[in-house]
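All chains should be built: construct the whole structure from the sequences, respecting the hints.
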Amino acid sequence: MSTQLLEKAQQLREAVRHFVAHEMPAELRVKSQRHQVLERQDYLQWMQLLERKGWAVGHWPQQYGGRQWSSLERFVFEDELARLGCPWIIPFGVKYVGPVIYTFGSEQQKQRFLPGIVKTEEFWAQGYSEPGAGSDLAGLRTRAVRDGDHYVVNGQKVWTTYAQWADWLFCLVRTGTDGKPQSGISFLLIDMRSPGVTVKPIHTMDGYHHVNEVWLEDVRVPVENLVGEEGAGWTYAKFLLQNERTAGAIVGQARHVLDRLKKQAVETRVDGRPLIEQPLMRNRIGEFELRFLALEQASYAGVLAMDEGRDNGGEASLIKIRGTELYQQVSETLVDALAEAGMVFDTEALHATPGLPLLGADDVGGILKEHLYNRANTIFGGSSEVQRNILAKVVLGL
Amino acid sequence: MTTDIETIGMLRNSLERYVEDNCSFLQRQELMKEPGSFSQQVWSDLAEFGFLSLCLPAEHDGLDGDAAAVGALMEVVGQALLQEPFLMSAVLATRLVARLGDAGQRGRLLVGLAAGELIFSCALEQADACQLEDNRLSGRIPLVMHGDAAHGLLVAARDARGQLQLCLVDTDQSGVQRTAARLLDGRGAASVTLDNAQVELLATPNNGLSLVDNLQLLRDEASVALCGEACGMIRVLLDTTNDYLKVRKQFGKPLAVNQALQHRMADLYLLLQEALALTDAAQRALSGPVAERRRLVSGAYTYICDAARQVANEAVQLHGGLGITEELNVTHYFRRVMLLNSLFGGRDQHFLRFVEQSLTAA
Numbered sequence: 021m022s023t024q025l026l027e028k029a030q031q032l033r034e035a036v037r038h039f040v041a042h043e044m045p046a047e048l049r050v051k052s053q054r055h056q057v058l059e060r061q062d063y064l065q066w067m068q069l070l071e072r073k074g075w076a077v078g079h080w081p082q083q084y085g086g087r088q089w090s091s092l093e094r095f096v097f098e099d100e101l102a103r104l105g106c107p108w109i110i111p112f113g114v115k116y117v118g119p120v121i122y123t124f125g126s127e128q129q130k131q132r133f134l135p136g137i138v139k140t141e142e143f144w145a146q147g148y149s150e151p152g153a154g155s156d157l158a159g160l161r162t163r164a165v166r167d168g169d170h171y172v173v174n175g176q177k178v179w180t181t182y183a184q185w186a187d188w189l190f191c192l193v194r195t196g197t198d199g200k201p202q203s204g205i206s207f208l209l210i211d212m213r214s215p216g217v218t219v220k221p222i223h224t225m226d227g228y229h230h231v232n233e234v235w236l237e238d239v240r241v242p243v244e245n246l247v248g249e250e251g252a253g254w255t256y257a258k259f260l261l262q263n264e265r266t267a268g269a270i271v272g273q274a275r276h277v278l279d280r281l282k283k284q285a286v287e288t289r290v291d292g293r294p295l296i297e298q299p300l301m302r303n304r305i306g307e308f309e310l311r312f313l314a315l316e317q318a319s320y321a322g323v324l325a326m327d328e329g330r331d332n333g334g335e336a337s338l339i340k341i342r343g344t345e346l347y348q349q350v351s352e353t354l355v356d357a358l359a360e361a362g363m364v365f366d367t368e369a370l371h372a373t374p375g376l377p378l379l380g381a382d383d384v385g386g387i388l389k390e391h392l393y394n395r396a397n398t399i400f401g402g403s404s405e406v407q408r409n410i411l412a413k414v415v416l417g418l
Numbered sequence: 002m003t004t005d006i007e008t009i010g011m012l013r014n015s016l017e018r019y020v021e022d023n024c025s026f027l028q029r030q031e032l033m034k035e036p037g038s039f040s041q042q043v044w045s046d047l048a049e050f051g052f053l054s055l056c057l058p059a060e061h062d063g064l065d066g067d068a069a070a071v072g073a074l075m076e077v078v079g080q081a082l083l084q085e086p087f088l089m090s091a092v093l094a095t096r097l098v099a100r101l102g103d104a105g106q107r108g109r110l111l112v113g114l115a116a117g118e119l120i121f122s123c124a125l126e127q128a129d130a131c132q133l134e135d136n137r138l139s140g141r142i143p144l145v146m147h148g149d150a151a152h153g154l155l156v157a158a159r160d161a162r163g164q165l166q167l168c169l170v171d172t173d174q175s176g177v178q179r180t181a182a183r184l185l186d187g188r189g190a191a192s193v194t195l196d197n198a199q200v201e202l203l204a205t206p207n208n209g210l211s212l213v214d215n216l217q218l219l220r221d222e223a224s225v226a227l228c229g230e231a232c233g234m235i236r237v238l239l240d241t242t243n244d245y246l247k248v249r250k251q252f253g254k255p256l257a258v259n260q261a262l263q264h265r266m267a268d269l270y271l272l273l274q275e276a277l278a279l280t281d282a283a284q285r286a287l288s289g290p291v292a293e294r295r296r297l298v299s300g301a302y303t304y305i306c307d308a309a310r311q312v313a314n315e316a317v318q319l320h321g322g323l324g325i326t327e328e329l330n331v332t333h334y335f336r337r338v339m340l341l342n343s344l345f346g347g348r349d350q351h352f353l354r355f356v357e358q359s360l361t362a363a
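Protein sequences, first through last, are from chains S and A.
Residues in the first sequence are numbered consecutively from 21, following the numbering used here.
Residues in the second sequence are numbered consecutively from 2, following the numbering used here.
Source of the hints: derived by calculation from the structure; they are not laboratory data.
Don't take every hint at face value.
[As the list claims (entries may be wrong)] Here are the computed lysine-lysine pairs in the DSS-like style, where the Cα-Cα straight-line distance is at most 27 angstroms:
# : chain 1 : residue 1 : chain 2 : residue 2
1 : S       : Lys-28    : S       : Lys-73
2 : S       : Lys-413   : A       : Lys-254
3 : S       : Lys-139   : S       : Lys-28
4 : S       : Lys-413   : A       : Lys-247
Quick caveat, the model's predicted, so the values are computed rather than measured.
Shown next as structure tokens:
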């Protein structure tokens, strides 16, 4: 079985390579490979390009427009795009809320929302974290109180990525306070244009606007926008997180930055000789290559285990911990290898079309921006500490 | 040549069952007092149950097992810390004779190896330690694992023209002096002095590779087999330590409830998963293109050496004072893990080769 799976996945990888080299618009490719700031319009273009290839929702069932990809195909697809420095696949619609709607939503919700998600005609954001509920998500306090045909929602969400562009927010709210914190949570779809919704930017240390606070004050949400049953939201939230398990992009990003480091180590010269000839740099790159090899092989093995039903719940944590930590450390070494060019940071240039930095290669500014923001990778989506808690509890029974 | 997965599973299960009954930790402790530090009874059982025929070619009624089959059994060898010369004699020497021996040598030697009546060991790492002239070999080999028990030694040496040759040395002759030694993990070994020892050459490659390429392939196969053994050791160390943390109480609660310790165990678990995946990948790479074989085998070996060492260090540490005692099995795994860094060229040589292979593409 695994040979067939591997062959199909390899075919997809080659198709992705061909697409990026020959079909992706050059302007978008260059902008993305320089890690310049991508706007809403860039992401729309990107997601719609993928949709035309049948890839935006390749992992969905056929009846909803997907290709029923295996976990391995899904992994390889994300891995290869990230290796090639392509834009992020914004996950909130196609990866997160879409599968929740087609699995637990009403017929009416499927018809209303799925087409817009498939074609990325509507932007989605995720209303999960709150000021008092981060890793301990079940501690969320945003309240939804039934009032006739509506819920009235009050509370505050935080770290909401691209809420400034969002048309819709899928949101965990508290509809009950009895029993365990996990019970009494419901899953609501909130129109961002509703009165009482306020988005306030949070500026991150890379000088860019990725994340927001979302304030909800007496926001009226029609009852038909409740997904599934009232009080069962925690089940859907966990289902959603499971859909994040095959995070190929983490592995691809690590590979991308490692390749970039090797290129830089050839280009940077010390006393007239390429940096890569120095034993210290060879050793560092060698150690990174070694860790990448382990990450790559263990990821493949883990994703194959998912497809073959042999997984034990620890596979995703391995990819997340190892991938993000390696990415951060390689990125640090890359910034160091940029030498003077790595010390100048001009956030304005990252918005400009040519976007060329004062010193160094044309992607230097983007490398710095990525380096600053990638500190978030070990924090979001289950921090490294939470991942280790999961391994200890779920796999080791500690 | 691929061994099917059912056969591999069956072999592994039957060896596991056998060692559970016959090679417990306490039984192993007794062996340390025996010459050669291994059990003749276990060795002849391994032959009788067919494990020593694993690498025998099919035309000699062997299983013609591939790297995955060898790896599965080596995992059990690692789990039980088997003392017997399975890797040296039944895997490496048997493969060398099968690939490099002429028809007469294969017919004469392979059956004895598979029956356990012949024990061979290999000294492939120091081709310049001995001189070969007119089928006479002289020199000193500092250390050969299982050299104390071996009936024959396969020694890589250069002849008068500087060509690499593989010599079979019968240890029962006046030109061979052996001083028995015991390795760090208790296995037997010998320091060998050769003085015009009579040898026969194994010089008829029948697998399409030159003799030199054959020796390189075999060293890679040896390293990959050790990866399997290391996985077995890592697994036992992880399980033993995990169980201990659940039962050992301090400050009125099990050690396992401390998050600092949970996170360390999580890291050890990741190392096991990586070691298993790398071992699989290295096994597959053995039958692939040479450059990729070198990169993957060396990468896997390096990473697994480091992983095994970290797991062994942590297993000792997390057992507290008990963790440094002779009577705890953990310390015996610790000692065998130490050896990984030095066998068949060793960890650092593999790392250098891995870096070389990884950076040539840059």
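Do the hints match the structure? See the list:
1. Lys-28(S) - Lys-73(S): Holds, at about 16 angstroms.
2. Lys-413(S) - Lys-254(A): Satisfied, since the Cα-Cα distance of roughly 17 angstroms is no more than 27 angstroms.
3. Lys-139(S) - Lys-28(S): Distance ~25 angstroms between Lys-139(S) and Lys-28(S) Cα, so the pair holds.
4. Lys-413(S) - Lys-247(A): 12 angstroms, holds
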